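A.B. asks: Please construct the entire structure, taking both the sequences and the accompanying hints into account.
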Amino acid sequence: MGVQTVGVVGLGSIGRIHVAGWQRLGVTVEGADGLPEARERARDAFGIEVHDGLEALLRTVDVIDVCTPTDTHAEVALAAVRAGKHVICEKPITRTLPEADALISAANERGVQLHVAQVVRFFPQYAAAARAIASGRIGKPAVLRFTREGGMPGADRWYHDDNRSGGIIGDVMIHDIDYARWVAGEVVRVYARTLRNAGPQNGATHAYAILTHASGAISHLTASWARVGAPFRTSFEIAGSEGLLEHATDSRPALRTAPAELARLGGMLLEEDPWTAELREFLAAINGGPPPRVSAEDGRAALAVALAAIESAKTGRAVELATEVAAA
Amino acid sequence: MSTQRKLKIGIMSFAHLHGAGYAGLLANWPDVELRVADDDPERGKRIADRFGVTCAPSYAELLAWKPDGVIVCSENSRHRELTEQAAAAGAHVLSEKPLATSLADGRAMIEACEAAGVRLMTAFPMRFSQPVIAAVRIAQEGKLGTIHGIAATNPGTMPGSWFVDPELAGGGAVMDHTVHVADVMRWLLGSEAVEVYAQTNRILYPDLPVETAGTLAVTFANGTVATIDCSWSRPNSYPTWGGVTLELVGDEGVISVDAFAQVLASYSDGPGRTGGQDVRWLPWGDDPNAGMLREFLSAIREDRAPVPSGWDGYRATEIALAAYRSVEAGQPVPISTE
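Protein chains in written order, with the numbering used here: chain A, 479 to 806; chain B, 3 to 340.
Honestly, the hints are just simulated from the structure, not real lab data.
Not everything, but these chain B residues come out facing chain A in the computed CB check (under 10 Å):
| no. | residue |
| --- | --- |
| 1 | I135 |
| 2 | A137 |
| 3 | E249 |
| 4 | G255 |
| 5 | V256 |
| 6 | Q264 |
| 7 | V265 |
| 8 | Y269 |
| 9 | P273 |
| 10 | G274 |
| 11 | G277 |
Since this is a predicted model, take the numbers as computed values, not measurements.
Yeah, the Cβ is synthetic: ideal placement off N, Cα and C, and Gly gets one too.
C.D. replies: Structure, rendered in structure tokens:
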């Protein structure tokens, strides 16, 4: 008997995306959120049962999907693990490395699965590039560039509070950090700069990082909340010893419309959105299928690189990553 | 799902390159048992071996296996005979496009399937392209208002082989590349073509016995004016085989859809940088052929008519054949839909 019911904790923007994904997969979803308006919104939009906290969910569901603000991941996920639930955790795995280590060991000890939702690996254009690299089309990756740029989250949002979210690096750049590790291997050194302080907590809204991979490959990453008033965009360029792969979400749109807003009605132009594809793979693993393309240790390693980048941005010095991180 | 009976699917002929692509998909689907046959036995064996499936020694033996459905991927002019054989054996048929090289053959295929009580589907994968589906949905929801004009293109590289044999292909670029977007237009508008004007030439590949470029203007019964570029105008060095685009112009909005925009640009020097220049667009979106094959299988399982049907294939062929009449006349020609 496979998973019947999933409990999504945290019904904000990513929580609602996950609820929709679970419903597409035919899984019964219940939700929990401390905010009455978030509960009401999810109940109205998805017709799901909602609770005001984790406790009620632990009594009824098989899997807990943690979609709360980053600084609460560890507490919620640990409680779920201790209750014997398999756990899916939105990225970053936790806010700190000790929390990540404690969570991974607790899951191992309790014998439950822990999955970290580094969703970029499930975006088909990124997955296709990873396949092309694995098949040898561009030889050995040497120089990689990634950008991830959008508008600013609402000024009152927790994303701006570095202590809660990890800021632009911990919340946004970590997507490409994980992907860069996936295609170019372990990261051994990081240099990063943050700029354009503008949030209510005066956090940075734009960041650059230069990663050095164990292979010698270099990744240049841009993450930004500075692109106010324009659509969110991402791009990558991966140059190897025998070739190059390029992609940008806005370079060749499949739909162009007048008025421009009409294009949004088209959605993602995919049979299955990347979040649903990701949850499908986690669900299959929990039901006894193969391990997913991203592990909890990958989530921990991406966090380690992100935290090193944050430290580098503070100190102005390049930060070496401990080899135990590289080995993890 | 995993408990459902496997469907027995046959592929008749690999003359059309799409056949090998369909085999590659179906060979990996757990709910399908695939066998193939080809009147070019070496070609059939080679492709069957590549995907680890059985190649029957003849069409008769493939049909004696009693497949639930067959996909006809022969030369265009042979769709009719293979469809008639399959129908007589009680197999549902998915025919490669264009449905036939004459309206008489197309009608005979439809009638043979009706008489045998089997379904006939035409291979129009653009009905299963996610960008095209989105554009059609937005248009059908009325978001563009009344659609007055459509400019569509389906250019490709010159396919060579029997595609340039007027007997086997039924023509050149017009026969090859008119029907995909013509079908999308009929679906989108819910209206039939009533008049066609076309110009063709042979400037590209002048030694071939068929037209290699063409542009059509099609007037639909509802008044929409649509143009189609069906040319083999993409050089061999183009990064992919061709493409499909449509621009829909309504009185409240415009949509341009590029069905093959979901690609990565790939540049490869080959192992040890010893290859020639290799620039390609690698697709990452959903494969429209997979959606099309799933529709064929679902229609068989659910005992319903597949979409697009044999009639959809017939109507699109009518537009391509009218284009040849127009070229002959140098003027627009009517299509009188019975």
